[in-house]
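S.K.: Please dock the two separately framed chains into a single complex, following the hints provided.
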Amino acid sequence: MNKLSAQFLDIGYSDTLAGGNSFLHRLDPRAKLIATLAFIVTVVSFDKYAVSGLIPFCVFPITLIALGGLPAGYLLKKVLLVSPFAILVAVFNPLIDRQVLVRFGSLAISGGWVSFISIFLRFVLTVTAALVLIALTGFNQVCLAMAKFGMPRPFVVQLLFFFRYLFVLSEEAQRMLRARQLRSFDRRAMQWGTFVSLAGHLLVRTLDRAERIYLAMCSRGFDGRIRILRRMKIGLPETVFVLGWVLVFVFMRFYNVPSHLGALITGRLS
Amino acid sequence: MHMADALISPAVGATMWAATAGLIAYSAHKVQEVLNDRIVPLMGVLGAFIFAAQMINFSIPATGSSGHLGGGMILSILLGPYAAFLVMASVLTVQALFFADGGLLALGCNIFNLGFFPCFIAYPLIFRRITGTAPAPSRLGVAAILAAIVSLQLGAFGVVLETVFSGISELPFRTFVLLMQPIHLAIGIVEGLVTAAVVAFVWRARPEIVNAAGAFQPMVKVNIKKVLFGLLLVAVITGGALSWFASSHPDGLEWAMLKTSGKEELESATRVHAALSSIQAQTAFLPDYAFKQDAMRPGMAETVPVEDQPADKPAWPAVAPGTSVSGLVGGAVTLALALFIGIALKRPKVEV
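Protein chains in written order, with this note's numbering: chain A, 274 to 543; chain B, 4 to 355.
For reference, chain B alone in the conformation it holds in the complex (with noise of 0.2 Å):
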């Protein structure tokens, strides 16, 4: 359930990123603190585990389908939550650079989907709070398994709401909702399972690494009041300075709009806040979903003189005939043009 750079916005992207990084910060510091230099290389080994780990599939009795192990809830058992977050943030950058998994601009959002959750909500809220300091391998397992289901949820919440916020995608908020959260029912009772009996044959293998990992004692305390209210933080004064951007500035789209077009491009300057409202007025915004309709504008590539717009669909760009031929014309031959540089740039092949 990665996002994908295509799906987002920049100013969604922009905002996760902002909350991310602030997470890392204020977990590595916590990590700093806290913890000592020992457990640096323990989390880069651990992170290395985690994708050694997902090689082996197991075949999930029944199915016919085939499961692995996920990665924050077990990382937050045996590292505690601000170096497991820490861990997953750089199993996601390496997934991101070299499998393509996500993008960069979508690392923020996946950070924090597949990070914060688990490490932040699910492991203090629920994992901690069943097992207390001395559990008994079946309170592990429901531990664990609730735990990893609740995570796995807001993470998949997490990917519907950046992408309806984004307005790239036309699915609407409940389709994708009900397509997203049941299948992420069946994952998370999976890597539920998988972190319990993983952690309970270490347990039993070997104790003291469990017991060293301090999962069991009483942890060093999660502040989650100070993490959220650093969020809001982070979140409205990226908010805040997006939109002032967009509102001081409106005129580089609209400049722009004059440009191509002739005709000044009225909707878009109103589009930022109808979208950033819309991310204030979240509860409103749930139930009755209008939000597409804000976000549909003419194309950039697409836009044509306003008169040429039949008079009937006044929300909607259409594009005379005449324009879009131009413009696949236009298109190929930048296309054949860009290639070419690439041909005449390239380098031979035996390198001295």
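Isolated chain A, as found in the complex (with noise of 0.2 Å):
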């Protein structure tokens, strides 16, 4: 199997974990959204040599993922593993900064190591909070939030259909892949013409399934709307869970917690 059909796999698992009934599932998804558009906020306000400022709000993700009884090593795996740009980038911080910014007795780094551990730090905490999100609220859910918020409603409408038929079309794509592997024999690498051929009639398939979809559901009546059952209600629990956490970040933006805490330890060591 290759990596992206393991990516699949991937989307479908975010979202049986989105199907979890825990205290945070149930909560409106517009409440996850804003604290979690919060937390990103705020972490990347943070100047580019922050480290230990950003370090206490790893709470947010890890209190979100213990309540939300995520599986912890599978969401960091997930964030190490993926989206290399933003390390590509960083990792020429180091060289071209290379100022001393921080000494220990006589171990001197540079003001670019410190900004490529900032940068980094700053990718666990955005990836993560993003993941969690997605795992606590279910793709449908983010979308109807979205919608509430006041996305256009055709960009809404498509991005379920779009949703829904990422898991058809690709399994049909795999079968394809599948069908062509066992032809082959030893010749691994795609052809020009064979790729052509078959992104060609996976497309064709596509607007087929397409047509068909719309006029199906035109005979059920659908007017461009996509209705649901479920209420959305900002509630007490909602109004909790947004403003605790906005000032939690407000303090720990402000506040340097771990400087102070360092302080008054080695404080009383020495």
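One thing to keep in mind: the hints can contain errors.
To be verified - For the chain A half of the interface with chain B, some residues (derived, Cβ under 10 Å), not all of them:
1) LEU310
2) VAL332
3) ALA339
4) ILE392
5) ILE407
6) ALA418
7) ALA472
8) THR512
9) LEU537
Unchecked claim - In silico lysine-lysine, BS3-like type, Cα no more than 30 Å apart, as pairs:
10) LYS349(B) <-> LYS506(A)
11) LYS421(A) <-> LYS506(A)
12) LYS350(A) <-> LYS349(B)
13) LYS421(A) <-> LYS33(B)
Simulated from the structure, these hints should not be mistaken for lab results. Since the structure is predicted, the reported quantities are computational estimates derived from the model, not experimental observations. Think of the CB as a built atom: it goes at the ideal place given N, C-alpha and C, for glycine as much as any other residue.
M.R.: Structure, rendered in structure tokens:
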């Protein structure tokens, strides 16, 4: 199985996680969306040499993972495996910014390494927050929350369609690939002509499928709207959740917890 | 070439979000106005097709590497620019949420880089100009390749600008441009070839599909001036609002500096202005790369009283060893505390 198909299994798994039934799962998706966005904006607003100020922020994903009963190891692995782009760009920082910023005795650490660590921390925090959001809420709920926030309707409706047919079409592509593999023996690399034919056929089938779906939906009364039974409600728990986290974020943004804690401890020791 | 949250500043993220949200609203409005309901399921399913088609890799002759179908251009050809932009936006949203490609704050940047340029620049200004209303296959190929190259070059340049304006990465503008543009030239050629080949295949196999998609009919006019003007307006308003925010509440950060270091931090109030004025004076900023110096300022975390700073390095916040050791200890303790909270809150595995 190639890398991408493993990723598709992953989408299915994230959606399975969203089917959980913890207090956090039941929370209105809008509350979770706002809290996550507030978290990301706060984390990103830190200065580029910020390291210790960022550390307390891990309390947000950790708490949600624990309360929501999410598999922490799986999420962490996923975070570390994906998206090398940030690391790739960040790795130039130590090469370019060689000015010494921090000294531990004889060990000198350049500003570049500090900002590299900072970028890595930001990356882990923001990515984990997004993954936790989707694992606690589910894609459909996030879409509906966006619709409630005024995302245009055609966009949300096609997003829901898109997500639904992602699985169908990727299975179809898998089947085509498997069929080719079975018939091509040792020739592993795909030739250009074969590729065009496969992709073209997939596209033709997709378009036919879209037409059938549309006709089927029309005969069931589709009028461009998707209606849901589940009511969304911002109640006391949602308000407390959002306000509580925002307060925590603001506190951690302006009050450097680790440096005060560290000063307290080292002060006692010395 | 996805931007990541870790590399952008809130101002850049917010500006690009505003621009992208405006484009989504405008495109959705156009889709509703001009096209019918039929296209909405088609859009969703085609987005899924882009995803599925990306699973099929082919080997690029003589290079040993492999390529796959890109997105923006083929969607524009099949759906027209407005619907294609919405589909690209949703493809990138799913990638951001599930694959952690990019991030939520960087989503605005990514949609803009990978959606706006192919759909609203390369498709109307290059692809349609070359193909006209009755294209020969060779014209189709040339048009697709050129359009893909241009849209990827612009997208890559967008990544560079957004990264440099954010000032988190140290990569100088020139180096970054020299890294990004050639790579994306190659990617653009491959994407153009693939797009042209797949469209030509479908056209041969089922001409009515491509014709029904309206690819070669006189198109619904893309009012590029209107779009660009709207974008400019959004950028100015957001930039203005942010700079107003920064200048009328400069004490948010200062207050914290005062609390943590006992000394007011003077550089940071001017930093946002420096960033914004360099955005405004973009052209002047490009040849002479002086922005990085403006962006440097002491970290919140490692901020120390200014008197600890060696006199010979005024621009650099040197950190006294004592402070950094206590910062390190404090960081470790905080991390441990957070993990402890997590373990304490952990729900039992078996759910009833």
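S.K.: So, for every hint listed, does it hold in this structure?
M.R.: Hint by hint, here is what the structure shows:
1. Interface restraint check: LEU310(A) against chain B, minimum CB-CB distance 7 Å, threshold 10 Å, status holds.
2. About 4 Å separates the beta-carbon of VAL332(A) from the nearest beta-carbon of chain B, less than 10 Å, and the hint is met.
3. Below 10 Å, beta-carbon pairs count as interface contacts, and ALA339(A) has one with chain B at about 4 Å; its hint therefore holds.
4. This hint holds: ILE392(A) has a C-beta 5 Å from the nearest C-beta of chain B, less than the 10 Å allowed.
5. Look at ILE407(A): its Cβ gets to within about 5 Å of chain B, closer than 10 Å, so that hint holds up.
6. A distance limit of 10 Å between C-beta atoms decides the matter here; for ALA418(A) the minimum to chain B is near 12 Å, and the interface restraint is violated.
7. With a least beta-carbon distance of about 5 Å to chain B, the hint placing ALA472(A) at the interface is held under the 10 Å criterion.
8. Given the 10 Å rule on beta carbons, the hint for THR512(A) is violated: about 21 Å separates it from the nearest Cβ of chain B.
9. The closest approach between the C-beta of LEU537(A) and any C-beta of chain B is roughly 8 Å, which is under the 10 Å cut-off, so the hint is satisfied.
10. For the hint pairing LYS349(B) with LYS506(A), the CA-to-CA distance comes to about 27 Å; that is within 30 Å, so the pair holds.
11. This hinted pair checks out: LYS421(A) and LYS506(A) have alpha carbons roughly 11 Å apart, not beyond 30 Å.
12. For a cut-off of 30 Å, the pair hint linking LYS350(A) to LYS349(B) stands: about 19 Å separates their Cα positions.
13. A C-alpha spacing of about 20 Å is found between LYS421(A) and LYS33(B), which places the hinted pair at or below 30 Å, so the restraint holds.
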